[in-house]
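A.B. asks: Read off the chains here:
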Amino acid sequence: MYFEARNIRVLYDRVIALRGVSIALEQGEIVTLIGANGAGKTTTLRAITGLTKISSGEIWFNGRRIDGLPPQKIVALGISMVPEGRHIFPYMNVKDNLLMGAYLRKDKKGIMEDLEKIYARFPRLKERLRQQAGSLSGGEQQMLAISRALMARPRLLLLDEPSLGLAPMMVREIARAILAINKEENVSVILVEQNSRMALKISSKGYVLENGQIALEDASRNLIYNDHVRRLYLGG
Amino acid sequence: MSQMIINGMVLGMIYALIALGLTLIFSIMNVVNFAHGQMYMLGGFVVYYLYGVYQLNYFLALIAAALALAVIGIIFEKFFFRRVIRLAKREENTMLLAMGTALLLENLALFSFGEKQRGVPPVVTGVYEIGGGYLPAGRALVFFVALFLVIGLLLFVQYTRPGRAMRALAQDKEATYLQGVDINQISALGFAIGAALAGLAGGLLITIFAINAGSGTAVSTKAFTMIMIGGAGVVSGAILGGFVLGFCEAIGYETLPGSTTYLIIFIALILFLIVRPQGIMGRPQG
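If you read the protein sequences in the order shown, they are chains A and B.
Position 153, counted from 1, in the first sequence is what this note's numbering calls 151; the numbers after and before it change by one each time, with no gaps.
So the number in this note's numbering is just where the residue sits in the second sequence, counting from 1, plus 28.
Keep in mind the hints are simulated off the structure, nothing from the lab.
Okay, derived cross-link-like pairs now, DSS-like style, lysine-lysine, Cα gap no bigger than 27 Å in a straight line: (1) A/K199 - A/K181; (2) A/K93 - A/K71; (3) B/K201 - A/K104; (4) A/K203 - A/K181; (5) A/K107 - A/K93; (6) A/K93 - B/K201; (7) A/K71 - A/K107; (8) B/K201 - A/K124; (9) A/K115 - A/K199; (10) A/K181 - A/K124; (11) B/K106 - A/K71; (12) A/K107 - A/K181; (13) A/K93 - A/K181; (14) A/K124 - A/K107; (15) A/K93 - A/K106; (16) A/K104 - A/K115; (17) A/K51 - B/K106; (18) A/K71 - B/K201; (19) B/K117 - A/K51; (20) B/K201 - A/K106; (21) B/K201 - A/K51.
If you anchor each label on the Cβ, the simulated ranges turn out as follows: (22) B/M127 - A/E114: 47 to 53 Å; (23) A/S135 - B/Y162: 51 to 57 Å; (24) A/S202 - B/G128: 54 to 60 Å; (25) B/R311 - A/G36: 27 to 33 Å; (26) B/N212 - A/E2: 27 to 33 Å; (27) A/K51 - B/V152: 54 to 60 Å; (28) B/R114 - A/S54: 19 to 25 Å; (29) A/E56 - B/R311: 40 to 46 Å.
If you want the ones that stay clear, here's a sample from chain B, every Cβ over 10 Å from chain A, calculated: (30) M37; (31) I91; (32) F107; (33) E134; (34) K144; (35) A238; (36) L299; (37) F300; (38) V303.
Note that beta-carbon positions come from the ideal geometry of N, C-alpha and C, so glycine has one too.
Produce the complete structure using the sequences and hints provided.
C.D. replies: Written out as C-alpha cells, the structure is:
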C-alpha cells in the first residue's frame, strides 16, 4: 500500500476522538472519508499531517513510518493538506500565499514552473496575484488553498471539506480541478467531504466514519447505492 | 516650528524602531514583551561599556548590542516562552512570564551595572541648520541609522523566505505548520530580531539620553503607548504610532511646562482608545 493508517486512535483531553481507524490507498487513487460532524474526519487528516498526535496505531507512507514526525517533516515527505475553512493567509497577497506553499523547496526554476502551471489551471488567481488573499471570493480562496498545497509538489493531497460554503457551480469546478490534479500530476488524494454525493462520484473508494470508527468501507460506486449511506448521507 | 519637526522626526524614527521590535514579537508569538524596555536598556549598556568605557568603534559596539540582545531573545524564547506557551491554557501565563523577564533583566542590570546614570561621548560632532532649526550631527546619525534599520526590517519581512514565514505565522499558525514551516525556528528568529531591535534602539539613543538600570520601564510604557496608538500587531501601525508619539513629545517639550507633556499624552490616549480601541491601523478583532 502507498499510504496506510493502521488502527489509529486519538484522544483529545481524555475524550476519545478516533477509536482505531484504518484507511489505505494505492498511488494515484482518490479515496473519500464521509460522515457527520464530529465523526472524526478532520481528526483523521490532522493525525496524518502530524498536527495531532496519535495515542496508538501506525501511519505509513511510501514505505516509511510517519506517525510521530513533526508536521514539517511530513510535508517534506510529500503530504500536503488543505485545511477546512481554507486557512489562506488573509493579509498576504495571492503570490506570497503560493510562495508559502513552496516554503520547503529550494529549486527556484521548479517553483516558477509550478506557478505557471497554477496560473494555467486557475486563470482567476493569476488575475489577482497582487490582491490580498482575504479579499478573494470563497471559491477563489479555495482555489488558492489547493494551489498553495500543490506548490509543495505533494504526492498525497489531503483535502478537508473543499466544497464547504461554495455555490453549486463552484463545487463542480473544484471537483473537476481535484480530478484533473489527480490525473495530470498523479497525486493521490484523501478527500473529506460533507457533500457525500460529489465525494463518492470522484473517488474510487469511500470510508464512512461514525463515532470515531469506520462504520463502512467499499468502492465508492457501491456506497452510492448502499441503503445506509443513501439514507444518512445522500438525503434519501 | 522647524525645531519641533526636526526633534519629532528623530524621536519618531527611533520610537518606530522600538515599536517595530515589540510588534514583531507580539504578532508572531502573541507574547506581550514587557521586557522590551529592559532590552533597550541592556543594549544601551553594551554600547556604554564597549564604546564609552573600552573605546571600541561605535558601530562595532552597536552591532555587539544587537547580537547580545538577539542571544538573550533566543534564550528567552527557547527556555521560557516556548514551554509556557505550550503548557499554558490562559494568556495571562505568558504575560506574567514576560513581566518576570522584565524584572529579571532589570535586577540583573542593577546588580551588575549599579544604579548610576550612564552616557557616552558623542560619536560625531557638529550641528546642521535646517530651515531655522538645529539638528546636532549626533541626532542626525541616530535618525539615519534608525531609518536604515526600519527599511531593512520592512524589506526583510516583505521579501525574504523567513520574513514571509513570520508574516504567515502572525496570520494563521495552523496553516503555517501545514506549509512545512518549523515554527520553533521562526519564533526564535522573530524573538531574536525583536530583542535585537530593542538593543539597537538603546545603543543608538544612549548617545543622546543617558540611561540607568531602571530606564527600561519608562521605555516599555512608551512602546506600549505607540502600539496602542498605531494598532497592535500591525507593522504600519507600529511605525505610525512611533511617529505620533515622537511628535507629541517633541511638540509638548517645546511648548508645555516640564512634566505635563506625558500627562496630556496619556489623557489623550485614554480618550482616543475609548473612541477607537483597536488603534489607528488596527484590525477590529485584534
